[in-house]
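Given these sequences and hints, build the entire structure.
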Amino acid sequence: MWRIFCFSRVLQLILCAGMLWGIAVHKASAQATAIDADPAAQFKRAVVAYQHGDYAIAQQQFEDIIHQIEYFQQTNRALDAEDARYYDAVCALQLLQPDAEKRVLDFIQHTTSIPRRQLASFYLAQYYYQQHRYGEAIPYYVAAGIDQLSNDQIAEAKFRLGYCYFYQKDFTHAAPLFADVKGMEGRYQIPANYYDGFIAFERKQYDQALQSFLKVANQPPYDRVVPYYIAEIYYFRGEKQRAIDYALPVLQRGNNYYQLQLQQLVGQAYFELGAYQQALPYLQQYARKADSLRREDVYELSFCYYQTQQYPEAILGFKQLSTVTDSLGQNAMYLLGDCYLKTGQKADARNAFAICARSSYNPRQQEIARFIYGKLSYELGYEDAALATLRQFLQDYPASDYANEARELLVPLLMNTNDYKGALELYASLPNPSPALLRAYQKLTFGRAMQLINDGDLSAADSLLTISLVHPYDASYQALAYFWKGEIAYRRGQTDDAIHDIQQYLNSAVSGIFPSLGEANVQTAHYNLGYCYLQKQDYADALKEFQQAQRPYGTSGRRIAQDALLRVADCYYMLKQYDQAEAVYDQIINQRLPGTDYALYQKSILAGIKGNYAAKMQLLNQLTAQYPHSRFQNDANYEKGLTYMTEEKYAQAIPYFEKILATPHDPDAPKALLKIGLAYFNMGNSQRALDYYQQLVQQYPHSNEAQDALTSIRTIYVNNGNPQGYLDFVKQTGMAVSSSTADSVTYAAAETQFGNENIAAALQGFNQYLLEFPNGQFVVPAHFYRAECYYMQKDYLHALPDYQYVLQQGYSRFAERSAAQAAAISLNELKNFAQARTYFEMLNQLATTKENELTAARGLLECDYQLQQWDSVQLEARYLLTRQDISTNDQITGNYYLAMAFRQQQQCDSAISYFRKVIQMTKSVLGAASRYYVADCLLQQQQLKDAERAAFEVIRSTPSYDYWIAKAYVLLGDIFAAEKDYFNAKATLQSVVDNCQIAEIRDSARQKLQRVIAEEQASSKIMRNPSANDTLQHP
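Numbers given in my numbering equal positions in the sequence shown, counted from 1, plus 1.
In case anyone wonders, no lab produced these hints; they're calculated from the structure.
Bear in mind the structure is a predicted one, so any value in this text is a computation, not a measurement.
There could be a bad hint or two in this list.
What the hints assert, rightly or not - Below are the DSS-like pairs computed for lysine-lysine, each with C-alpha atoms no more than 25 Å apart in a straight line:
1) Lys611 <-> Lys650
2) Lys577 <-> Lys537
3) Lys946 <-> Lys343
4) Lys1022 <-> Lys1009
5) Lys241 <-> Lys205
6) Lys216 <-> Lys241
7) Lys577 <-> Lys611
8) Lys981 <-> Lys290
9) Lys241 <-> Lys170
10) Lys170 <-> Lys205
11) Lys577 <-> Lys545
12) Lys946 <-> Lys347
13) Lys537 <-> Lys851
14) Lys1009 <-> Lys946
15) Lys851 <-> Lys577
16) Lys347 <-> Lys981
17) Lys545 <-> Lys851
18) Lys660 <-> Lys851
Structure representation (C-alpha cells):
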C-alpha cells in the first residue's frame, strides 16, 4: 500500500488529551488596600495570593510593592523587588492581558536572576503553546530547562516541546522527547506513546511503532484511530492475513475514524493474496464512498471484477485508466480489450488494444495488442488501418506466433479493399505475388483508374486501364476497361480511338457478356458512339448508334434515351431524309418529351424547306407561346422575320428582328440589325435603313455583317449624292475604306502558320501584324489567335488580355470562344472566381452550342460555390440538374454543391438528402466528402448514434481519401465526447494525433483530445497527482 502522511491536516485537527491545566482567571472582588507600613509583609501576602491563583489581587499588590522599590533597596532586599517584577509579568500572562507578552519579554531581557529567567521562559512558552504559536514556543521551552520545574512540569514541558517539534515536522528533535515522556507515569504517558508510535511509523520502524501503538490501542480517543495503523503495520510487514484478522473485528465494532480506509486495507490485502471474490465487497465499499481514488484503487477493483467474470463492471473501471501511461495503464488496456472481446464489443476492444499497443513496458503485451488491433480492424471493416497495421506487424515481428495469421488476413484485405491506391502500392512491394493476387491485379488497376477518372486525372487513368487490359483474367473487367478508355478518348477529342475502344466494349456484349458499372453500359456505349460519329459528320453511322441507345438502362437511361431520340431526328435531317426527321420530331412533340421546343424549331425549318410558310409560322408561334423561356426564342423570332422577308412582308418582319435586339449580347444581334436595315431599304425608307446599318457597324465593327452593312451604307450615301458623308462616317468609325494588301498579306501569313500548328511562328506573325496594323481590318481575329497561341503554350497571363480585348469589341465569331477561355483561365489558373463568374455569364449569353451552355452552367455553379454565394449556388445547381444533356459527373457536382449550400444555411435535412444522392452515384472524393458531411449534419442534429454509424461508414467506404478518413475519425471523437464516452473519444482522437500526416487535422485532434481529457478528469474520482494521503488525522 502506498501511504504518505500529510501533516498540515494532521495538525489542524489535533485534539490533545490531558493538556496543560486550565488557567483560572478570577476577578478581583475588591480594590487593593493601602500598603502596610511593612512592605515585606505586603510582599508575602502577594505571593500567597499568587499561589492561590488570585492573580488579579496578587498583580495589584506586586505593582504597589514595585512602587516601594526604595524600601527594598535601603533594606538590601533587591531580590524581592526583582521577584515582584517577575510575579507581576507572570500574572499578566495568566490574566491574558494585552501587554503581557511584552512584559515577560522585557523581564527576560533585563533580569539578572537565572532561575527567574528560566521560569519566565517556561510560562511564556506555555502561553505561546496555548495560542498554537508552536514555532515561537520552542526556544522558550529550551531556555526554560528543567532545573526550576516540578516533575509534572518537566513531563508537561517535554511533551509540549516534543509536540511543537512534531508540528514543525521536526521528528528528529521530537522523537527523543516523546520517548522520554512515554515512560513517565502521568497524564502525558499515553499521548506520548501515540506520537512516539506515529513517528516510528513514519520512519518505517514498524516494530517500535507497533509497541507504542499497542499501548494506546484501547485508550480513548486513540482507540478510534490506532487500530488502523496497527493493521497497516501488519500489512507493511507482509503479514497480509494477520492484517485481515486484526482488522475484521475492528470493522465489525465500527465507530472507527478510518472505517473506510480500513475497508480498503482489508480489500487490498485480500487482493494481494489472490482472494478476489473476498476482496471485492471491501474494495467496492471503498470506491463507492471515497471522495477520490488512486488509479491503483480503480485498477484493483476492476481486476477483481475481471477475475470474477463481471466484465461489464470491469469495463467501467478499466476505461477510466485509458490516460495512464505506465505499465499499469498498459495492462489495464490489455485487460479492457479482453473484456470487450468477451462481451462481443469488438469496436471498443479495438480501441483498447490500440492504446495498449502504444506502450512498450510489457513487450509481449504490445506485440499481441498490435496483432489483435490489426485483426479487429479487418473484421470491423477498417481495411486501411488493418493493412497498415498488419504490414508493419510483419516487418516488426517476422517470427511472431501470429505472423502466419497476419499474412492470411492480408490476402482477403487486398482483394476486398476499396483503397486501390494503397493496394497497388502494396502489390508493387510484393516480390512474388500469389495467383490470387495476380487475378486481383486486373481489378485493382481498373478500380484505381475509376477513382482517377472521378478525380479528373484522365491521363493516369488511361495508363492504368491499359495495364488492366494486359491482365485479362476477368472478361467483364476487360470489357469495362475498353468502355472507359473510349470515354477518356472521347473527352480528350481522340474520336477515332474512342470509336475503337467503345466498339471493343460492344463486341463483348455481342459475345454474351453484358458488363455494366455505373455509366458503363450498352446504352451509354451506343450513345457515346453516336456522338463520336456526329463529330466526324458520319450521320448514317451516328443514326444507327442513337437508335440503339433507345433502350433505357440505369438511373440516367431515360435521359439518355430522350436525348438520343432528338439526335436520331437530327441525323435524318442532316441526311436530308426530311419525312423521317419530321416523324421523329412529331413523336417528341406529341409526347412532350424534354427538347420539345427544339423539335418544334427543327420542324418549322423543315416546313420552310418544303415551302410551307404557313405551317412554319404556326410551329414557330407554338414554340414562342408554349415555351417562353426556351433558348430557341430568338431563333424562332429570327426565322419568323426571315419568313416575312421571303414573302416580302417587310413591315411585319421588323418587330421580330427587334425582339432579338431586346436581348442583351445576343449573338444574332448583328444579323437582326442587317435584316432590319434591309427591310427598311426595301420599303424605300433609306434613312431608317441607314440608321440600322450604322448602328450595326458602330456596335459590331468586326462582325461579318459589318462589311455587308458598309456596302449598303455606301450605296445609300451614293444614291443620295453624298459620297463625302460615307467617307466621313468611315473615318469616324476608325475603319479603313479598303483593306491594304499589306494588311491582308501580313495577317494571312500568321493565320497560315496557326493553321499548320506552327505556334511559335504564328505568335511572331500575329505580334508583327498587331504592331504594324493596330487598327487593321483583322485586329480582332489577330488578338484572338494570338490568345490561342499563348494558351497552347500555357502562357495564360498573356492569353487573357487578348481574350478580353476580343470581348470588349462586342459580338464577333470569336467572342464565344474568348469568353470560354477567359473564364477557364480566371477560374483554373488565377483562382479569381469573381472575374471568372463574369466571363461565364458572358459565355452563357453568347453560347450557340449546348456544350458551351453546359460549360457556362458548370462554371457559374463553381464560381458561386467558391464565392460562398449560397442562394446563387442553389439556383445554379438546380438549373444544372434540370438540363437533359448533363453527365453523371454534373449530377454529382450539382447535388454536392446543392447539399453544401443547404448545410451552410443550417438546413440539415435537405443537405443530408442531397449528400446521399451523391453517395449513391460515386465513390470519388465528393462521395467521401458527402459521407463525412452526412455524419457531421447528424451530429449537429444531436442524432448521435446515427452520426456514429455514418462516420464509421466514411472510414469503411472511402479508404483512398486520407483527408476525409482523418476528418471522420475526428468527428467520431466529437460524437463519443458528446455521448460522454471519454474512453473511445480519447482513443479515436489519439489515433489521429499519432498517425495523421495532415497538420491541420492533427492539430485539431490534439486540441480536442486535451479538452476531452480535461472534461473526463473534471468528472472523475481518480486523483490526478496522488502525492500524499490527506486522510490521516491525530487525536
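**Prompt:** For the pair supplied as a hint, lysine 611 and lysine 650, is the alpha-carbon distance within the 25 Å limit?
**Reply:** Distance of about 19 Å is within 25 Å: holds.
**Prompt:** Would the pair lysine 577 and lysine 537 pass a check requiring their Cα atoms to be no farther apart than 25 Å?
**Reply:** holds, 17 Å
**Message:** Between the alpha carbons of lysine 241 and lysine 205, is the straight-line distance 25 Å or under?
**Reply:** Holds. Lysine 241 to lysine 205 sits at ~17 Å (cutoff 25 Å).
**Restraint check for lysine 981 with lysine 290, where alpha carbons must lie at most 25 Å apart** = holds, 23 Å
**Request:** Assess, step by step, whether the Cα of lysine 216 is no farther than 25 Å from the Cα of lysine 241, and give holds or violated.
**Result:** Status holds; Cα separation ~22 Å.
**Request:** For the pair supplied as a hint, lysine 660 and lysine 851, confirm whether the alpha-carbon distance does not exceed 25 Å.
**Result:** holds, 22 Å
**Prompt:** Taking only the CA atoms, is the gap from lysine 347 to lysine 981 under or equal to 25 Å?
**Reply:** holds, 19 Å
**25 Å limit on alpha-carbon distance, applied to hinted pair lysine 537 and lysine 851** = Holds, at about 18 Å.
**Message:** Given the hinted pair lysine 545 and lysine 851, is their Cα-Cα distance within 25 Å?
**Reply:** Holds, at roughly 22 Å.
**Message:** Can you confirm whether the C-alpha distance between lysine 1022 and lysine 1009 stays at or below 25 Å?
**Reply:** Measuring from Cα to Cα gives roughly 22 Å; hence the hint holds.
**Request:** For the pair we were handed, lysine 946 and lysine 347, check the Cα-Cα distance against 25 Å.
**Result:** holds, 17 Å
**Asked** CA of lysine 577 to CA of lysine 611, is that 25 Å or under?
**Response** holds, 12 Å
Figure legend: structure checked against the earlier numbered hints; the only hint not met is number 9.
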